[in-house]
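Visitor: Spelled out from the first residue to the last, the chains are:
2 protein chains.
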Amino acid sequence: MKFYIGIDLGGTNVRTLLVDELGKTYSEVKDSTDRENGPDFVCDKIIGQIEALDTTACGGIENVEGIGIGVPGPVDTKNGVMIMATNLPGFEDYPICDKLTAKFGLPCFIDNDANVAGLAEAILGAGKDYATVYYVTISTGIGGAFIVDGKLVSGGRGHAGEIGNIVVKNNGYKHGGLNAGAAEGETSGTAIVRKGQEELGDQVIHAGDVFRLASEGNEVAKNIVEECIDELALTFADIAHTIDPHCFVIGGGVMKSKEYFYEELLARFNNSIHVGMRGHIPLLETELVDCGAIGAAMLPMSRLK
Amino acid sequence: MKFYIGIDLGGTNVRTLLVDELGKTYSEVKDSTDRENGPDFVCDKIIGQIEALDTTACGGIENVEGIGIGVPGPVDTKNGVMIMATNLPGFEDYPICDKLTAKFGLPCFIDNDANVAGLAEAILGAGKDYATVYYVTISTGIGGAFIVDGKLVSGGRGHAGEIGNIVVKNNGYKHGGLNAGAAEGETSGTAIVRKGQEELGDQVIHAGDVFRLASEGNEVAKNIVEECIDELALTFADIAHTIDPHCFVIGGGVMKSKEYFYEELLARFNNSIHVGMRGHIPLLETELVDCGAIGAAMLPMSRLK
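In order, the protein sequences belong to chains A and B.
Positions 1 to 305 (our numbering) are the ones given, in order, by the first sequence.
Positions 1 to 305 (our numbering) are the ones given, in order, by the second sequence.
Simulated from the structure, these hints should not be mistaken for laboratory data.
All residues carry an ideal CB built from backbone N, CA and C; glycine is no exception.
Among the hints, erroneous ones may be present.
Computed footprint of chain A on chain B, listed as stretches where at least three residues anywhere in the stretch have a Cβ under 8 Å from a Cβ of chain A [claimed, not checked]:
id, segment
1, 31-38
2, 47-58
3, 153-162
4, 188-200
5, 282-294
Computed beta-carbon distance windows for the label pairs [claimed, not checked]:
id, chain 1, residue 1, chain 2, residue 2, range
6, B, K2, A, E36, 51 to 59 Å
7, B, R278, A, N171, 51 to 59 Å
8, B, F41, A, M1, 49 to 57 Å
9, A, K256, B, G217, 54 to 62 Å
10, B, R278, A, K78, 16 to 24 Å
11, A, G176, B, N171, 20 to 28 Å
12, B, R278, A, M1, 39 to 47 Å
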């Protein structure tokens, strides 16, 4: 049995696990990130967490195969650094992998949190029986990850899976730095809340409120839901025509309302893809909970051969 | 040095090559397909072509590593059959790979012609220095191929690269079985001719005429070109957000007019992708000519490890 260390480095918390190749967790250390103290401080905290892991199961840290880190933002996987670090000030180009390798003598890999969650789902979760998996998370934003034979395709600049910027509506809503009419601006949880509040006011606090109102027969809410399902179907269809995945695995908060839209999404997705693909690409729901650190632990497994 | 046999099986001609792992051709046999005689006839013709190859360079066919076939249409790469065979009647589900393996005792692989051309460009052509390559052909139709570390990602149903069906214009032109506003219906060579003829009549015979008229200052042609460049940029951006390729390689007849649109396409593409990707994804032109059979010969190289 091989063992790996996985680190889920978020803007709020940082969590370190000792995991085996089947995804079983043996030891866990968790703490607040305290990002305001800067990257050296956070790096020392991570080193402390790794040292605090109980490595009895593998007979000591010297028997660990590698370390993986999941971070919120795009990374340069080759050089082991973040490219943008909005939620981790100072981590842009910070040599976190080099520092951990120097300290522990272990290979260290980094990728963004959506990629890492997708990797966990592809290896251990809903996608484990499929040769290629496209993971999609529909939450505050929309992100994704592509996994081929258990390996992440992170892309030339670590931006594979930035599907929130796929345009689904010409001249649509302009959200932050994204394209006008990008999927994230039109059909993420945030977008559904925005559209709901614009037309329905205070009745809408969460995306789920729009789906509930639609199911109760509210015509305005029904129109919003219709449009969002069309735009989601289009996003999935664009991805499917690009790489024809063996399955999609879908996660994120919006899936809490899946009873209101899943069947219709599947129907419209199939109606928007080539006839030869119809009915052949399942849209599966995620199976794992809180899988960031486990997915990070899978990064070395995905890269070391 | 390893040797492979590549077969470019088209609706009109069939061509068989003996190729080495560097893409050098040692022997070639070519004939009309005579597809109207059915798949058994065509299969026997291919067997005859393989037997007619001069295999002196590798010391006989027993020293060939494998056979690859490129065909016009989506394939089931796992079972070695075509899924749809509009241009090769009777080849749907026809066990061409099994037949060649039974005859010659060599592993045999099949993929569609765009994938095979993309593979050749990725291994031997413009993409040879890049870890991941997305090949795009803009011609009568629009197709593509995704190559990761010299291996084709054909997809669950062999439909990876069917990017002509990516929607670039909501409620746009409906072309054949494709989505309304699909890239192929809006900005392929055929689409540019259609738009040109609708608005400019007989002045337009080829897509190149629209580009030329635009460059001469014709306002109608300029508008058509503007719209098509926007739609192409969007197609490339959607692909880039899905898998962030290390480069695009672009081929097809429309590239003959590249002097009229390439710089503007590159600018708009970079304007439509995430800020962290801008300037990092080159749009390269194909380097190889008539590479179908060579690409087919690369299929076993891409799969045998």
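Visitor: Hint by hint, note whether the structure agrees.
Guide: A quick look at each hint next to the structure:
Using a Cβ-Cβ cut-off of 8 Å, 0 residues of the segment 31-38 of chain B lie near chain A, which falls short of the minimum of three, so the contact claim is violated. For the segment 47-58 of chain B, the proposed coverage by chain A is not satisfied: 0 residues have a C-beta within less than 8 Å of a C-beta in that chain, short of the threshold of three. Counting residues of the segment 153-162 of chain B whose C-beta sits closer than 8 Å to any C-beta of chain A gives 10, which meets the bar of three, so the coverage hint holds. Residues of the segment 188-200 of chain B lying with their CB closer than 8 Å to a CB of chain A number 0, which falls below the three-residue condition for coverage.
Coverage of a stretch by a chain is defined here by at least three residues with a beta carbon nearer than 8 Å to that chain's beta carbons; for the segment 282-294 of chain B and chain A the count is 0, and the condition is violated. Against the hinted window of 51 to 59 Å, the Cβ-Cβ separation of K2 (chain B) and E36 (chain A) comes to about 57 Å, which satisfies the hint. A hinted range of 51 to 59 Å for the beta carbons of R278 (chain B) and N171 (chain A) is inconsistent with their spacing of about 21 Å. Hint check: F41 (chain B) to M1 (chain A), Cβ distance near 56 Å, so the stated range 49 to 57 Å holds.
Under the hint 54 to 62 Å, the C-beta atoms of K256 (chain A) and G217 (chain B), about 56 Å apart, fit the expected range. Under the hint 16 to 24 Å, the C-beta atoms of R278 (chain B) and K78 (chain A), about 18 Å apart, fit the expected range. Separated by about 26 Å at the C-beta atoms, G176 (chain A) and N171 (chain B) satisfy the suggested range of 20 to 28 Å. Separation of R278 (chain B) from M1 (chain A) is about 44 Å and conforms to the stated range, judged on CB atoms against 39 to 47 Å.
The structure is inconsistent with the numbered hints 1, 2, 4, 5 and 7, although it conforms to all the rest.
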